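Asks: Chains as they are written, first to last, in the working numbering: chain A, 1 to 650; chain B, 1 to 650.
These aren't lab readings, by the way, just hints derived from the structure by calculation. Bear in mind that the values here come from a model prediction, so they are computed numbers and not experimental data. Please note: incorrect hints may appear among the correct ones.
All copies of an identical chain are treated as equivalent in the list; a pair is satisfied when it fits inside any one copy or across any two copies.
[To be verified] Calculated pairs, BS3-like style, for lysine-lysine (alpha carbon to alpha carbon, straight line, at most 27 Å):
hint, residue 1, residue 2
1, K603, K619
2, K165, K122
3, K619, K585
4, K302, K619
Number of protein chains: 2
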Amino acid sequence: MKNLSIGAAQHAQITDPFWSRYTSLVCETIIPYQWKALNDQIPDAEPSYAVRNFRIAAGLEEGEFGGMVFQDSDPAKWLEAVGYSLQSYPDPQLEQMADGLIDVIVSAQQEDGYLNTYFTIKEPGARWTNLHECHELYCAGHLIEAAVAYYAATGKRKLLDAMCKYADYIDTVFGAEPGKLQGYDGHQEIELALVKLYEVTGESRYLRLSQYFIDQRGQKPYFFVGEWKARGGISHWRGGPVPEPDMEYGQSHLPVREQTVAVGHAVRAVYMYTAMADLARLQNDEELLNACRRLWGNIVTKQMYITGGIGSTHHGEAFSFDYDLPNDTVYAETCASIGLVFFAQRMLRIEPRREYADVMERALYNLVLGSMSLDGMHYFYVNPLEVWPEACRYNPGKHHVKPVRQKWFGCSCCPPNAARLLASLGQYLYTVVDSTLYVHLFIGHETNVDIGGNRVRINQQSALPWHGQTSITLGMDSAQRFTLAMRLPSWVSGEARLTVNGQQVEAAAGEKGYVQLDREWADSDRIEWQLPMKAELIEGHPSVRAVAGKAAIQRGPLVYCFEEQENGRSLSALTIDSRSELTEKFDQHLLGGVCVIQAQGWKNRSDSWNDGQLYRPLKAETVSVTLTAIPYFLWGNRGEGEMSVWLRVR
Amino acid sequence: MKNLSIGAAQHAQITDPFWSRYTSLVCETIIPYQWKALNDQIPDAEPSYAVRNFRIAAGLEEGEFGGMVFQDSDPAKWLEAVGYSLQSYPDPQLEQMADGLIDVIVSAQQEDGYLNTYFTIKEPGARWTNLHECHELYCAGHLIEAAVAYYAATGKRKLLDAMCKYADYIDTVFGAEPGKLQGYDGHQEIELALVKLYEVTGESRYLRLSQYFIDQRGQKPYFFVGEWKARGGISHWRGGPVPEPDMEYGQSHLPVREQTVAVGHAVRAVYMYTAMADLARLQNDEELLNACRRLWGNIVTKQMYITGGIGSTHHGEAFSFDYDLPNDTVYAETCASIGLVFFAQRMLRIEPRREYADVMERALYNLVLGSMSLDGMHYFYVNPLEVWPEACRYNPGKHHVKPVRQKWFGCSCCPPNAARLLASLGQYLYTVVDSTLYVHLFIGHETNVDIGGNRVRINQQSALPWHGQTSITLGMDSAQRFTLAMRLPSWVSGEARLTVNGQQVEAAAGEKGYVQLDREWADSDRIEWQLPMKAELIEGHPSVRAVAGKAAIQRGPLVYCFEEQENGRSLSALTIDSRSELTEKFDQHLLGGVCVIQAQGWKNRSDSWNDGQLYRPLKAETVSVTLTAIPYFLWGNRGEGEMSVWLRVR
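Next up, chain A with everything else stripped away, as it sits in the complex (with noise of 0.2 Å):
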């Protein structure tokens, strides 16, 4: 395995119609709305404490701790987001907010470097007690992400030296050494956040305690059962004694390279993973690569939802087991999407194979555009493939899928994990690979790129979702000899045409699904990707009990659903004629500008039923009907109704 360099794309201009409604909407709405709520500004909302945590803890301010002991990562996501948002949108007023809340920050960190305002404020004496629950390597690693991310966009180093400090602290008191703990966090994150801080300051320790971290994970005995036993049962969150730790739950059940099924919390397992393949990149760590593989190729062909969804159960948030995806007692947080992307890019930077970018397009164009509202404001934490609202209500089991998204201050993790992402979306675009340049997503933006030493300007142009078309048009002081991988994704249906500077080439992808044009490229050179794209029925494995019989619609990237709005109540009275042609309208007026699929069907009748039959002699009846369907992504701006992805076929 060659140690590959990790791309650059780092300063990504976002230019694209479909994609800049949302990374401005980050800019413009929930960066400063998000402010407001970590100040406890917002009328009506509960208060979050978080910026007042460190006011109290800094001994700015008096008073007693408030929130979530996991509190600190709110504000630590919102200045790595707002770090991402300087790079595309320089904002001065805004970089003073940010760098009057580092300061409050850093004051608030200990002498010897800890900073954590829970254990500050209400447990001083109790650091590092209860890592199983209380979060807090979790909230030194938004807080290093943060740093980073601020350092990268405005050169400031204040955020990222004390983090440096603190993680030099975090070093003393984990190891393998005696007098060390031998420990891990109960939710992965310090991990990754390691590896970038490795990453930005070159310092080697950083990604040996990250390596440490991911190694010591699993080992007997289990360092969370030897905790629990030490606080004598008694839980942060119950207030009294729990049964033993579930070691599933946190990924801790095994050594890291001996696992070979995601299980557990289903975000837990997707930063580890993540983690796992940056140290896999970084020190060439062949089996530490093969344990990603294994476990990437676990969830995407056994327990990943065609939505780019995971995690099949609300309790505890996790996997569950292989084939198991309900459409309706779902879970797949949006944050568990949001590491599924981690994940791919780390994958990316290794080995780059089509397959990581499907799942990472996938997730990005369905669960995590879906999670948001068109305004910004409303959020899914659960994203669903079928929704009965009644059911939603009065069903206890399904309590926690909600038929509209909820206001976003309702809870802090998902909201502001997708705007860190979204703002983030540049560095998603590529990587280069040696003298390879690969084009992973189609999503318009300038940028300049490290290709062997030489700079490439890069203006992508892009019609996704709706059409197929995508332009690269370089930029360069001197002509160069380089390879462009584009990627030629899994969805294409039909031949994708291929021109440069308006001569088609050769459009055959390798085995990796990347299409090479290895040539010398000039100034202006201006590549074509025309990728047919067409609304088509969708199977899932037999072996997934939930899906058995049944379509869903996908036109290029997009998985479609079916709403109540346009097929009426009672969707599981709905068949779809698999002969059907099915028909694609764009529609400027609906819900922003959409392309429409429809298709025909049958719906099973209930007029012919008599009044207060529930069960009779098999009649069938049914009637034909146009079903309409609308990418999932847009699902639930229309008030409250039965949504579907998946409808019989036959």
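Since the structure of chain A is provided, determine the placement of chain B on it from the hints.
Replies: The following block gives chain B in isolation, referenced to the frame of chain A:
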């Protein structure tokens, strides 16, 4: 509304080739086994403590209370089953054991009549302070039912007298008068028990007390809220404070006469509806009867599984809402369907309408029988209609669904409830209204019935559920005129044929679903009832989303299901061909002898899927298969495997 006689048949001796297997299991296996369980004599089983608690409360032994707060109900249910059993199978040794238990129970009664081991031993000062959670009146009700059954079987009054004393005491505690508690129990049961006590003693105060509990329920201010406040919000179960009680859970959200929809804990609901129907009958209370009709109608037309199961969610073991009948996350507790049988029986005493008997028969043949293993030693509490064993283990939302029956001492509510129902099966066969004998169920037995003051001997023989022949031979000392009304079941497929002494008579059922034979009957008259029975595909109402596009198989009273043993894994991959003929074959060697049904259909192929493919463009490749169904009540008797009542149909 006429005040109806509740009919006789109390001592029917079941002689049915199908049912005797179960009734003798109760006597020969279940009752002796439960005796050991109650006395903590089963090795490797958690002790019951139930008899020991009574001994401690009686001062015969030293020790602490053991088991649940409602542990007293276990010996009570055992005694009730013993009472029924002794009526059919006299057994001096068993009677002696029961007498001994009664001695202990009565010794535990307090001076003032109070009798509850939990409060006597553990919280002597806290009687009646937590009706909502602590089942005091529930346990009293079961002891009363036991006393009535044991008295009816043996004529022995010891327990009956003790229970009258207890009821007299309860009557001094509860009531509208100042100084009394204006309350009622958290778990309804006392209400129907007091009606039985009234019927056996003629003491109208017991009837009035039952009426008080029923009518006080749901009045404002809510009794349970006041009680909850008075104990500082502390919960018996949690040990700490809990939120205000949910009034719907125990059907105390509204006065019962205003209730229109079955809500909350399903067992509590049907026990209450049973008492309401008793009171409506005995008090000629048309308003209460209308409430019963509405609640019955809501259950059987909107909230009942095809198996006769009720209660769609394990959260609160409760009804969820109209048409919400998920097959896999179902609760459908055995006790709830037993209560539904009680409710149906009571409604039949008021108005003999086929629908009540149809539902009673559906619940008995499918859910109640299906809750027991063939050996009578293993039980389902939850009775699913679709099982994927891995999901029961690895998806926590299905942990409550067990893929195989559990050893019966694991929990103590459903198995003894099934035992007492089976032991008293004779009470469900007939009702007599004026001079009409309504025959509801076709189960072989011998009994004597009083019709218009005359005694008629009945000898019924039946080939159900495998064949539709039933014969009734009458015996009487002298000829007499009365009406014999034979139920024409809703499942009959084709023309029923009725003969009297070999002569065919018209078999037209009236609006209420009974064929009436009004004539002068003589000794040895023989009625033959031929009910055509053929396997049919059944569909559910289109509003039942869980079965849309699917069909089940029913033959006579039996609902069928598909098991992995005959049909392979991934039952969801199967589709029934609606045009295929259903073939019936009696297999003598399978599961004790069973009519197996086969249909033609298709199975989704998985062999053309590439390794690692989870979704692909629709091919819908199927292969023709023969599908084999067995009766639902026999599922799960051959080890663990998938099971499904409903399959897709086209």
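Asks: Could you work out which earlier hints the structure fails to respect and list their numbers in ascending sequence?
Replies: Those not satisfied: there are none.
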